[in-house]
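Novice: Spelled out, the chains give:
Protein chains: 2
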Amino acid sequence: MIKVVFFDLDDTLVDTTKLAEMARQNAIENMIRHGLPVDFETAYNELLELINEYGSNFGKHFDYLLRRLDLPNNPKWVAAGVIAYHNTKFTYLRTVNGVRRTLLELQRVGYRLGIITDGDPIKQWEKILRLDLDPYFEEVFISDYLGVKKPHPKIFEKALRKMKVEPHEAVMVGDRLYSDIYGAKQVGMQTIWFRYGKYANRELDYLDYADFTVDSLEEVPKIVRGLNDEEEERSDSEVHAD
Amino acid sequence: MIKVVFFDLDDTLVDTTKLAEMARQNAIENMIRHGLPVDFETAYNELLELINEYGSNFGKHFDYLLRRLDLPNNPKWVAAGVIAYHNTKFTYLRTVNGVRRTLLELQRVGYRLGIITDGDPIKQWEKILRLDLDPYFEEVFISDYLGVKKPHPKIFEKALRKMKVEPHEAVMVGDRLYSDIYGAKQVGMQTIWFRYGKYANRELDYLDYADFTVDSLEEVPKIVRGLNDEEEERSDSEVHAD
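If you read the protein sequences in the order shown, they are chains A and B.
Using our numbering, read the first sequence as starting at 1316 and increasing by one per residue.
Using our numbering, read the second sequence as starting at 1316 and increasing by one per residue.
One copy or any two copies: either way a pair holds, since identical chains are not told apart in the list.
Here are the computed lysine-lysine pairs in the DSS-like style, where the Cα-Cα straight-line distance is at most 30 Å:
hint	residue 1	residue 2
1	K1438	K1375
2	K1537	K1473
3	K1477	K1375
4	K1333	K1404
5	K1438	K1473
6	K1318	K1477
7	K1375	K1404
8	K1375	K1473
9	K1333	K1375
10	K1469	K1318
11	K1513	K1469
12	K1438	K1333
13	K1404	K1438
14	K1473	K1513
15	K1464	K1375
The hints are simulated quantities; they were obtained by calculation from the structure and are not laboratory data.
Sequences and hints are given; from them, build the entire structure.
Specialist: Listed below in structure tokens is the structure:
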């Protein structure tokens, strides 16, 4: 009997990748508008390479971009990048299509909800609070707060323990076959792979760990109800067998 | 003959103190709204003390606030503070009353303009660009970029050299008697003290270094014109004396 549905945050509940892309493009455009003497393609590709090397939470993207482009350290250009980046992030932060309908439907039927996500705790909470997703979820588990990352079983075990459910009473929904699906399956949870965004065609080696694959989150409530109906039928027939 | 007018940035062109106050109050309110179990007065006063000790550019105000209040490290509360703080800063960033009229008037009459400010270069440029003050100014001199702070003569000397004027051809306008007025006077510039904000009654030991005191920036163009008229009269009478 499923009691709890866990969701991943980035690119499952929040449209993170699309937003980051827009924010980075607007940053480069604004830097050029304020005098950065490089064409858009060159600067943007250099920024992507840099993020690839230093990670997306690195705090000095635009300073390093200037160094990589052999340009002088000009705080005006950096500020232009920072402004456009933040403005975009705050203005265009969106949930993935269907998120609210899905969460409402799950709550209406009585499922308890949680978030299991990697990332910086304050940045993750910023997205949750800015989108007012907070009231839907009983608990939020963030790797950098707990000291363990998906797909390590410990983060899933901690979540199950805190929500007081057994693995077979929980479903994990996420866009990453490796961290979300393989991770949750290891501890015995049911898994729904949300085929979305930049991981829609990656990590396919772990496809076997997905019990279900969906292209829209709105399929999730039906699947979860289906799992419980199956179980009811099974226990019904067991009763009859007695 | 005055050719250049320099302005300080914080609390002279930009209403920084008022904005920071609002941002901090909104941050505390939002933290309480999201569950911070402390009353507003206690939390706000603790935050002010903390900022007083660690400085306003310290990056972990809200984390440290929780520690000081003996509360657990809760990233949700920190995020609530960060969100409200940033939203306020971006939404309510304003120039001081009369700034644009003053700058336009000075430009119209043909004065060249510059900014001489302390602080973090990227944060200072953020304010300048967000308020679109950039086009008014020929040069911006920021202490943390140049490696020397007001009132050290070097920052004023660098500014004069870059703008290619002599000290007596320049006026400094600022809200701080110590860093702006005493600093500029040391190198021989004319000085206008803008008596405004939290420094309106401080550092009065340095009052003697102010050639003029104004309560509104809109008095600046008249004063600068007055300085040049005086000079013209003087050189006229010198001609007559020949």
